[in-house]
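First residue of the sequence shown? That's 1 in our numbering, and the numbers climb one at a time after it.
Because the hints were derived from the structure by calculation, they are not lab data.
Where hints are given, some of them may not hold.
Said to hold, decoys possible - Capping the alpha-carbon separation at 27 Å, the derived lysine-lysine pairs in DSS-like fashion look like this:
| no. | residue 1 | residue 2 |
| --- | --- | --- |
| 1 | 95 | 35 |
| 2 | 68 | 35 |
| 3 | 35 | 96 |
| 4 | 96 | 80 |
| 5 | 68 | 84 |
| 6 | 62 | 35 |
| 7 | 95 | 50 |
| 8 | 84 | 54 |
| 9 | 9 | 68 |
| 10 | 35 | 84 |
| 11 | 54 | 35 |
| 12 | 62 | 50 |
| 13 | 50 | 84 |
| 14 | 77 | 92 |
| 15 | 95 | 9 |
| 16 | 35 | 77 |
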Amino acid sequence: MSIINNINKLFDHRIRLGIMSVLMVNEFADFNMLKELLGATDGNLASHTKALEKAEYILVEKQFIGRKPNTRYSATKLGKAEFKKHIEALEKLIKKT
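Make the full structure from the sequences, and use the hints.
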């Protein structure tokens with residue numbers, strides 16, 4: 001078995017890695033919070049959250065707060081499990097080199 005087997009290609013990009021990192025330690029995060037924390041543009045963040053949503057790693061909830069639209073994200077059980085496997089694989093890779 002290769003030492004990179006559990007490295008998940010979906011987490012290769014720093015924005016997706018950042019989104020999952022934030023959601024692993026927070027119950028949820030809204031679009032503006034992620035945008036500010038990650039220094040991402042609206043379009044960039046939207047495309048990366050869509051990719052994670054399509055893989056069913058995050059859940060997207062759209063709501064209104066007053067009259068303002070609000071989109072918030074949370075990690076799914078699958079997303080948390082896959083992210084943990086990814087981090088463990090990275091740690092094993094670092095220890096092997």
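Practice item. Take a quick look at whether residue 35 and residue 77 sit within 27 Å of each other, Cα to Cα. Key: 23 Å, holds
Review point. Between residue 84 and residue 54, is the straight-line Cα distance small enough, at 27 Å or below?
Key: Judged against 27 Å, a Cα distance of about 19 Å means the pair holds.
Review point. Going straight from one Cα to the other, do residue 96 and residue 80 come out at no more than 27 Å?
Key: 24 Å, holds
Check your understanding: Regarding the pair residue 35 and residue 96, is the alpha-carbon distance no greater than 27 Å?
Key -> Violated, at about 35 Å.
Review point. Keeping to a limit of 27 Å between CA atoms, is the pair of residue 95 and residue 50 held or broken?
Key: 33 Å, violated
Check your understanding: residue 95 and residue 9: Cα distance at most 27 Å?
Key -> 20 Å, holds
Practice item. With a cut-off of 27 Å on the C-alpha distance, tell me whether residue 68 and residue 35 pass. Key: 17 Å, holds
Exercise for review: Please work out if residue 9 and residue 68 have their alpha carbons no farther apart than 27 Å.
Suggested key: Not satisfied, since the Cα-Cα distance of roughly 35 Å exceeds 27 Å.
Review point. Residue 77 and residue 92: Cα distance at most 27 Å?
Key: Distance ~23 Å between residue 77 and residue 92 Cα, so the pair holds.
Review point. Are the Cα atoms of residue 62 and residue 50 separated by 27 Å or less?
Key: 13 Å, holds
Check your understanding: Hey, residue 54 versus residue 35, does the alpha-carbon distance stay inside 27 Å?
Key -> 20 Å, holds
Check your understanding: Has the given pair, residue 95 with residue 35, been kept, meaning a C-alpha gap of at most 27 Å?
Key -> Since the Cα atoms of residue 95 and residue 35 sit roughly 32 Å apart, the hinted pair is violated (cutoff 27 Å).
Violation of the numbered hints given earlier is confined to hints 1, 3, 5, 7, 9; the remaining hints are satisfied by the structure.
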